Each structure stands twice: as structure tokens, then as C-alpha cells.
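These protein sequence lines are chains A and B, in that order. Everything in the first sequence is counted per our numbering, starting at 1 for the first residue and increasing by one. Everything in the second sequence is counted per our numbering, starting at 1001 for the first residue and increasing by one.
Since the hints were derived computationally from the structure, they do not count as laboratory data. Treat the numbers as computed from the prediction; the structure is a model and nothing was measured. All residues carry an ideal CB built from backbone N, CA and C; glycine is no exception. Treat the hints with care, as some may be off.
Facing chain A, from chain B, some residues (calculated, C-beta under 8 Å) [stated by the list, open to error]: (1) Arg1134; (2) Met1136; (3) Gly1137; (4) Met1138; (5) Ala1141; (6) Gln1142; (7) Ile1147; (8) Pro1150; (9) Gln1151.
Under the rule of at most 25 Å between Cα atoms (straight-line distance), these lysine-lysine pairs were calculated in the PhoX-like manner [said to hold, decoys possible]: (10) A:Lys248 with A:Lys221; (11) A:Lys114 with A:Lys139; (12) A:Lys114 with B:Lys1131; (13) A:Lys139 with A:Lys120; (14) A:Lys120 with A:Lys166; (15) B:Lys1131 with A:Lys116; (16) B:Lys1169 with A:Lys120; (17) A:Lys248 with A:Lys114; (18) A:Lys39 with A:Lys248; (19) A:Lys39 with B:Lys1131; (20) A:Lys116 with A:Lys35; (21) B:Lys1169 with B:Lys1131; (22) B:Lys1131 with A:Lys166; (23) A:Lys114 with A:Lys166; (24) A:Lys35 with A:Lys120.
Pair by pair, the computed Cβ-Cβ distance ranges are [claimed, not checked]: (25) A:Ser227 with B:Leu1033: 58 to 66 Å; (26) B:Ser1219 with A:Gly22: 45 to 53 Å; (27) B:Ala1053 with A:Ser66: 14 to 22 Å; (28) B:Ala1053 with A:Ala145: 30 to 38 Å; (29) A:Ile249 with B:Leu1033: 38 to 46 Å; (30) A:Pro61 with B:Arg1224: 28 to 36 Å; (31) B:Tyr1048 with A:Ile249: 22 to 30 Å; (32) A:Gly22 with B:Ala1037: 39 to 47 Å; (33) B:Cys1029 with A:Gln194: 22 to 30 Å; (34) A:Asn75 with B:Ser1219: 46 to 54 Å.
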Amino acid sequence: MAAENQTPPVLEARALGKTLGGNRVLDAVSLALPKGCVKVLIGPSGAGKSTLLQCLNFLIPPDSGSILLEGREVNARSRRELCSLRQQVGMIFQDFNLFDHLSAMENVRVALMKVKGMSKLDAGELALAELSRVGLLDKAALYPANLSGGQKQRVAIARALAMDPKVMLLDEPTSALDPELIGEVLAVIRDLAQNGMTMIIATHQISFSASLADEFLFMEKGRVIESGSPAELLRRDSGSRTLAFCAKISELSGEAGEAGLAAGLGESVRAGVSVGAAGLGAESPV
Amino acid sequence: MDFSLAYTATREALPYMLGGVIWTVGLICGAMLLGLALGVPLAVLHVYGPWPARRAVSIYVWLFRGIPILVQMYIFYFGLLAWLSTLPLLSGLGLDSPFVAAVLVLGLTSSAYQSQIFRGAIQSLPAGQLKAARAMGMTDAQAIRSIILPQALRLSIPAWSNEYSILLKDSALAFTIGVVEIMARMRAIASTTHEPVSMTFLAGIIFFALTWVGVKALSLLENRVRIAGYTRQGAA
Ligand SMILES: Nc1ncnc2c1ncn2[C@@H]1O[C@H](COP(=O)(O)OP(=O)(O)O)[C@@H](O)[C@H]1O
Ligand SMILES: [Mg+2]
Chain A
1 MAAENQTPPV
11 LEARALGKTL
21 GGNRVLDAVS
31 LALPKGCVKV
41 LIGPSGAGKS
51 TLLQCLNFLI
61 PPDSGSILLE
71 GREVNARSRR
81 ELCSLRQQVG
91 MIFQDFNLFD
101 HLSAMENVRV
111 ALMKVKGMSK
121 LDAGELALAE
131 LSRVGLLDKA
141 ALYPANLSGG
151 QKQRVAIARA
161 LAMDPKVMLL
171 DEPTSALDPE
181 LIGEVLAVIR
191 DLAQNGMTMI
201 IATHQISFSA
211 SLADEFLFME
221 KGRVIESGSP
231 AELLRRDSGS
241 RTLAFCAKIS
251 ELSGEAGEAG
261 LAAGLGESVR
271 AGVSVGAAGL
281 GAESPV
Chain B
1001 MDFSLAYTAT
1011 REALPYMLGG
1021 VIWTVGLICG
1031 AMLLGLALGV
1041 PLAVLHVYGP
1051 WPARRAVSIY
1061 VWLFRGIPIL
1071 VQMYIFYFGL
1081 LAWLSTLPLL
1091 SGLGLDSPFV
1101 AAVLVLGLTS
1111 SAYQSQIFRG
1121 AIQSLPAGQL
1131 KAARAMGMTD
1141 AQAIRSIILP
1151 QALRLSIPAW
1161 SNEYSILLKD
1171 SALAFTIGVV
1181 EIMARMRAIA
1191 STTHEPVSMT
1201 FLAGIIFFAL
1211 TWVGVKALSL
1221 LENRVRIAGY
1231 TRQGAA
């Protein structure tokens, strides 16, 4: 236990602050991602989830606070440190952001060559290996325009994994997908988690993340206002904001969502979510 | 009008007129390439540069779009280049030739227009691509070179082909400072043969043929670099 405590988190944020257009988008948010843990960010749209994730690798520079990679503070003013941080922190976006002029294989290969300086041959080999890991070896030659949404997101995951990141940030990886394509992407993410990847995921897939997450972080108005294990926060008598929010969105996503919740959490939590949903429905009919 | 006379005169004039094609092609190739070489970095500065750079590019574009080609040719040939070539360091470099002046004027003007073509294309790309490239550790320079520009340049080809035909027509103004391109030859031979109508007609046909060849070549290029299923509207 003592030795464990001495290992610094893979990635840590301390008191991140960000104001955009006079809006306090992040208000002193701190979080730590110990090795192998999976944390899930939930919260209403506009809560600051995307901003938080992008501050973690300085795609959006925070106004205040600091980022520590394996215990060392990152100096964002040094371009070398910034590029090195970003290589070690993989990021997945809601709308995939594949490079449209490159095939699936080339999408995975390009940064290996440009950033890691690998030869075209080695990079290509590794790219194919990563694509087969997400089940897309047969699509390697296709361009993004000819891939389905789910396939695009899996290419994006392969592209991020090829850089051999120490931690992955996933920003609503399935929100832009048609319902029937969500499963294939969630399966890849579950696989990652089971292989010990350290991750933080912003998502509305409550039942999926409840079955995966070590911790839920509930965000609202730029702050993490609740955190805890999913079982704890989603217990029917927890009275948590998290429960109320999850109940609302599982109700909106219909029966499948609730069935999923039952599978992920067991009966007591399912009941809790239903109660929450009923209460919420009474307050503000959706 | 005696058609057989006109025909004979045209046939005799043809080799001389075609000799002008080399100069015209030289002018537009030089100008297109100079315009490309300057237009791409100008566009990148215009989109990604700090504000003083963006401002400077705007002024540059505004200047070259605002001053008529003919006026620029006079300024460059009789003014700027004539003066530069008197400087000890620069004399003997041929800067005082009308061809150099014409290529510079057409190329700089084209760079102003081309920069706006490329800027529109860059801005039509989804912003997330640059973000994704940065997120993998690419520097902005790497991302612009290997992600942004390959897409933006593809999207620019139709507008580029438009720019080519405009340049071709503007190049006909080079005769005013003494480049012996098609137009200059047409005027010379029209007065010696007393067949101005047929000579004008011949020049028109040659210009048209050049336009057709260039536009065709660019559309072949466009098809060659086309990517399966990839179309995006909104490119300039
Ligand atoms: N460039 C910007 N200017 C002003 N406000 C912004 C800007 N970008 C984001 N915001 C605001 O920041 C808040 C958080 O946004 P975001 O991080 O995208 O939330 P989430 O991902 O949780 O939906 C929102 O209220 C949004 O309107
Ligand atoms: Mg978001």
C-alpha cells in the first residue's frame, strides 16, 4: 500500500481554471488519474467536460492551474514538452476528426512518421497491427468518406493507440453515432479498459460506464460537484445529483437504457434510477 | 474582304505568331508558380498568423488586387526594376528585362488572388483536423504541411483553373512593356500585312487553345488527386 501511494498518478490536473467569453467554464477543477483507473465524466451539456479534457493536453490552454504527467509538472510554454505530453496522452473526439485525404492506414501512420520519426515501412506495419486490434484490418485502404461512423471512431482509436499513450481522453466517443453503431465502439473501449489502459471518458452511456468506471465525476457549471463509485452515486437512496441526471437521460434513451443499467448495476440501482426518473418526471415533464 | 488573301496571310503569319506562344506560356507558368509559391504561405499566415501578420497579408492582397495590371507593369518596368538594376549588386542580372517585370507583376498579383483561394479552402476544412493532429503531438508546422495543405490544395484546383484563364488574359498586357508574346506579334504583323482582322482572329484562336489546354490539364490533375467519396462544399 505504501509503495502504491508513492507512485504518482499518470495524469493529474490541479485547480484548472478557464474563462471563455466572460464565462467561468472551468472553476478550479482538480483530478487525478492513477495508473489503470477508468474515470467517467458526466454532466449536462455545457458543463465544461470537453473544455476540461482539452485542457488536460493543452489543446485549450487553461488560464490557471497545472498539469502533471507522472508527477512532473508540464511546462506548456516549451513546445518540446507540449508535444511530448500530447504524444503520451491519446485523445478521442466526438466527431472522429479523421484526416479525410488519408486512408484508414495512412491516418494511423502519419503521426508515427512525423512525430515519432518512424520509417514509412515500420509505421505502416504498426498501423496495420493497430487497425487489426480494433477489427478493421480489411478496411485499411478505405478513405474516411467510405467508412461508417463506428468504423471511423475505431480508426481514430487505433490512431491514438498507435502512439502508445499512457492515458486516453475520450470526449463523448459515441455521441455522434447512430444507435446501432454504438456497440462496436463501446466494445473496443471496454477491451482497452480490461487491458489496463488509464482513461477518462466523457459520455452519456450511463449503464456502459457504470459497469466500467472506478469513479464517476459529475460536472456542472465548470465544477466537479460529485464524485464516487458508480454504485455509490447511483444507489436509489443516494439522493445524488448524479442519480437524478442519470435517471433523466436513461429515461430519455428509453427502455434499452434501463435494461442496460440493470445489467450493469443490479436491481437495487435500477430501482433507484427508476425512482429518480419518476421524481424528475413529476417535477419537470420532459 | 478577299478570303484567299486573308488565308495566305494567316498561314504565313502562323509560325511567327506561334513563336509568341513560348513567351505567353513562359509568362503564365512563371506567374502561376510565383503566385503559388507566395500564395500558400500568405494564406497560411492569413489564417494562422498573429494579427500583425494577418493585417500585413490583408494590405498586400488589397494593394495587388487594387492596382491595375497595366499600371503595375509600368511601375515595375520603368520604375522599380529600372532603378534596382542600376544598383551595383543587382546590375547584370537582367532585372531590367520586360519579361522579368511582367512575370513579377502577374505573379505577385496572382499570389494575392491565390492566397484568397487557399485561405477559403483552408477555412472550409473542419477545425477538428488540426486539433486531432496537435493532439497526437504534431507541431503546427507539421500539421499544416501534412494535414491541412494537402486537403486545401486539392479543394483549390477548380478555382486555380479559373485563375489560370484570368492570368492568360492578363498576360496579353505584357506587350505594352515590350514582351514579344502573342499580342505583341499580332499587332506587329497586322500592320505589315494589312490584315488586322484575320490576325486578331488568329491571336484569339491561339489564346483560346491555350485556355482549353490549361483548363483541361488542371481538370485531369483534379481527377488524378481526387479521393474516393471525398467532396466538400464551401471551397472558394
Ligand atoms: N469559445 C468559447 N467562447 C465562449 N464560451 C465558450 C467557448 N467554448 C465553450 N464555451 C462555453 O463553455 C461551456 C462549456 O463547454 P463544453 O466544455 O463544450 O461543455 P460540455 O462538453 O460539457 O458540453 C459552455 O457553456 C460553452 O457555451
Ligand atoms: Mg462536450
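Hint status (Cβ of proline 1150 of chain B to nearest Cβ of chain A, threshold 8 Å): 5 Å, holds
Given hint lysine 120 of chain A paired with lysine 35 of chain A - CA-CA distance at most 25 Å: 32 Å, violated
Restraint status (C-alpha distance of lysine 1169 of chain B to lysine 120 of chain A at most 25 Å): Not satisfied, since the Cα-Cα distance of roughly 44 Å exceeds 25 Å.
Restraint check for lysine 39 of chain A with lysine 248 of chain A, where alpha carbons must lie at most 25 Å apart: Holds: lysine 39 of chain A and lysine 248 of chain A sit about 21 Å apart, inside 25 Å.
Proposed proximity, lysine 116 of chain A with lysine 1131 of chain B (alpha carbon, max 25 Å): Roughly 18 Å between the alpha carbons, so the hint for lysine 1131 of chain B and lysine 116 of chain A holds.
Consistency of beta-carbon spacing, alanine 145 of chain A to alanine 1053 of chain B, with hint 30 to 38 Å: Given about 34 Å between the Cβ atoms, the range holds.
Distance restraint between lysine 120 of chain A and lysine 166 of chain A, which requires alpha-carbon spacing of 25 Å or less: Holds. Lysine 120 of chain A to lysine 166 of chain A sits at ~24 Å (cutoff 25 Å).
Evaluation of the interface hint that places isoleucine 1147 of chain B against chain A, nearest CB under 8 Å: 5 Å, holds
28 to 36 Å as the expected CB spacing between arginine 1224 of chain B and proline 61 of chain A, which holds or is violated: 41 Å, violated
Given pair status - lysine 114 of chain A, lysine 248 of chain A, alpha carbons within 25 Å: 45 Å, violated
Restraint check for lysine 248 of chain A with lysine 221 of chain A, where alpha carbons must lie at most 25 Å apart: 18 Å, holds
Restraint status (C-alpha distance of lysine 139 of chain A to lysine 120 of chain A at most 25 Å): Cα-Cα ~19 Å, so holds.
Consistency with the previously given hints fails for numbers 5, 16, 17, 21, 24, 27, 29, 30, 31, 33, ordered from lowest to highest.
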